Amino acid sequence: MADVLAWIGGGFVVVGVALSVLGAVGVLRFPDVYTRIHAASITDTGGASLVLLGLCLISGFSLITLKLALIWAFVMLTAPVAANALANAAFGSGHKPRIGAFQIVRTDERRKTPRGTDAT
Amino acid sequence: MIAEPTFFDVNLAIDIVLLVMLLVVAGAIVRTRSLLTAIILFGIYSLVSAVWLVVMDAPDVAFTEAVVGAGISTIVLLGAILLTRGEAERGDWRRLIAPALVCVTVGGVLIYAATGLPALGDASSPVNAYVGRAYLEAAPNDIGVPNTVTAVLASYRGFDTFGEVVVIFAAGVGVALMLGFGPRASLAPPPQVMGDHHVVLRVAAKLLIPLIALYALYVQFHGDLGAGGGFQAGVIMAAAVILHALVFGLRETMAAVTPKVARSVASLGVLLYAGVGVVCMMNGGLFLDYDYLFPPHIEKEIPGWLLGGPESAHHWGQHFGIMLIELGVLLTVAATMVTIFYGFAGRSVDDAQREAKR
Amino acid sequence: MLLAAGAAGLLAAMAMMIVRAIMGPSHYDRILAVNSFGTKTVLLLALVGFLFGRPAFLDIAIVYALINFVTTIALMKFFRYRSLAQPLATRADEEARHG
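Going down the list, the protein sequences come from chains E, C and X.
Residue numbers for the first sequence follow our numbering, beginning at 1 and rising by one.
Residue numbers for the second sequence follow our numbering, beginning at 1001 and rising by one.
Residue numbers for the third sequence follow our numbering, beginning at 2001 and rising by one.
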């Protein structure tokens, strides 16, 4: 039973790492900061979750499982927040997205128009 | 099955890949002219170094490298760039010929000398056969702490560690004297901030700051058993304070941890360390000889079952001594890092306000 | 063996992040690369710990997951505001100040 769990855990680890590698390829090949942030943060968080789950299955239930759960909690808390803050900062610096056509409304302009009549 | 494969050496392969990455990053740092890019690449360099140290089985050093090199060092360098320019000058390549010759010569001599060194981890090399083995064999009897690195650092070589703590304290004093003690908390309200919306970051920071501080305490007290200790814990504690300053503003943080408190705590750490040594001397031993931390008649009255066996009753002084000096190291390192951060970050606020008044 | 393959894959991903950090045309690309490199380092430390039979390395992974965040926020704040001392406000603060 423990052996089967170890193989399943190893499988999870490989899938998680493959997800991270896909994300890294995305960061290299995507055209723009915002799309790269998408690629990096989504695959990092998902890949980390799978890898840590796989390691939990390999190690059995012990203090190590608690530490892996702690790593998972910290990664889930910090990686998406960092991505949000980074995209916020890039947008605030005036970085214009290179794909998609939409009108960028800056937040200080939006304050001048009353709510409900935002430019779309 | 999950262990190392037998058809090629995983250790060597990982070592080679990491060293190639170090080389590439170092080359990029040298070639770039923008100092801001260099700071970011320095962070990556420190990270790869930390992974390499872990692969070489040195977790305490890897710990310190990860938190100091990739964390505090980057932040302090950013603070330094605020006070100066962001681009390096373009130099003439002819001025580099003499330094390059010196580097190549010295590097060649070092590489030639390295071929005469014993293999890494060789049990019969002088380091591992004489001094290393003596420490490993004597530490359980003399000190009774499972982590031999902490035993050597805090007890056998406690005086060296005292010197390191004093050096860190001196660095903090030097920065405070050169850059000023940070603006007082009673300055004008902070300058206007652009209309960004940082709610997510503030909530996450409120959750994370106490967790980071708590983890610093875990690392501090876990240093006896696993990787950790006072230096790493001090830097992590300073990182918690710096995160507070980054998200909520330097004024708020200075109201919570005033510069005066930071400086006093740094002095208190050094005083605690030296005080432990002096108490040992007063009880009849040498400076920092923890066996004499408690007066002799008290040691006889401590029941041996508290420490696990009658023969380990005399470890009581060692355990307490190590705990106290690690506390001193934590206080000094955390307070010094905070003082250095205040010095750099506070100065730019000062300058900006002086410019605004002109 | 599966763990060794995982470690190899993570090293490849980290190498790609280094390329993005060197190449990235804007500084935000580089900050993103460092943040992602840090998360992958956390995973690599956990994997290496299991591969070499020393789960005590997990402490380093935990601490680096936290420090990575602090460094990313410091870099982001520096490049956006050119200052490390101003508070990061929310829209509620702005409206309270401007009325």
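A few of these clues could be false.
Taking beta-carbon pairs under 10 angstroms as the criterion, some of the chain C residues facing chain X (in silico) [stated by the list, open to error]:
(1) Val-1010
(2) Leu-1012
(3) Ile-1039
(4) Val-1048
(5) Ala-1062
(6) Ala-1070
(7) Val-1104
(8) Thr-1105
(9) Gly-1107
(10) Gly-1108
(11) Ile-1111
(12) Arg-1202
(13) Leu-1211
(14) Leu-1217
(15) Ile-1242
Hints are computed from structural coordinates only; laboratory data are not their basis.
If you're wondering where the values come from, they're calculated on a predicted model, not measured in any experiment.
Glycine included, C-beta positions come from ideal geometry on N, C-alpha and C.
Is the interface hint for Leu-1012(C) satisfied, with its Cβ closer than 10 angstroms to some Cβ of chain X?
Check failed: Cβ of Leu-1012(C) comes no nearer than 12 angstroms to chain X, outside 10 angstroms.
Can Val-1104(C) be said to touch chain X, with a Cβ gap under 10 angstroms?
For Val-1104(C), the interface hint is violated, since the closest Cβ of chain X sits about 25 angstroms away, which is over 10 angstroms.
Do the numbers back the hint for Ile-1111(C), that is, is its least Cβ distance to chain X under 10 angstroms?
violated (25 angstroms)
A closest beta-carbon separation below 10 angstroms is what the hint needs, so does Val-1010(C) meet it against chain X?
holds (5 angstroms)
Against chain X, with CB atoms and a cut of 10 angstroms, does the hint on Leu-1217(C) hold up?
violated (12 angstroms)
Quick check on Ile-1242(C) please, does its C-beta sit within 10 angstroms of some C-beta on chain X?
holds (6 angstroms)
Given Gly-1107(C) as an interface hint, is the shortest Cβ-Cβ distance to chain X below 10 angstroms?
violated (24 angstroms)
Interface restraint verdict for Gly-1108(C) against chain X (beta-carbon cut-off 10 angstroms):
Gly-1108(C) check fails; min Cβ-Cβ to chain X is 28 angstroms, beyond 10 angstroms.
Interface hint for Thr-1105(C), Cβ within 10 angstroms of any Cβ on chain X
violated (30 angstroms)
Holds or violated: is there a CB of chain X closer than 10 angstroms to the CB of Ile-1039(C)?
holds (8 angstroms)
Report holds or violated for the interface hint on Val-1048(C), using the least CB-CB distance to chain X and a cut-off of 10 angstroms.
This interface hint holds because 8 angstroms falls under the 10 angstroms limit.
Going by Cβ atoms only, is Ala-1070(C) closer than 10 angstroms to chain X?
It holds, given that the least Cβ distance between Ala-1070(C) and chain X is near 6 angstroms, below 10 angstroms.
Consistency note: the structure conflicts with the earlier hints numbered 2, 7, 8, 9, 10, 11 and 14.
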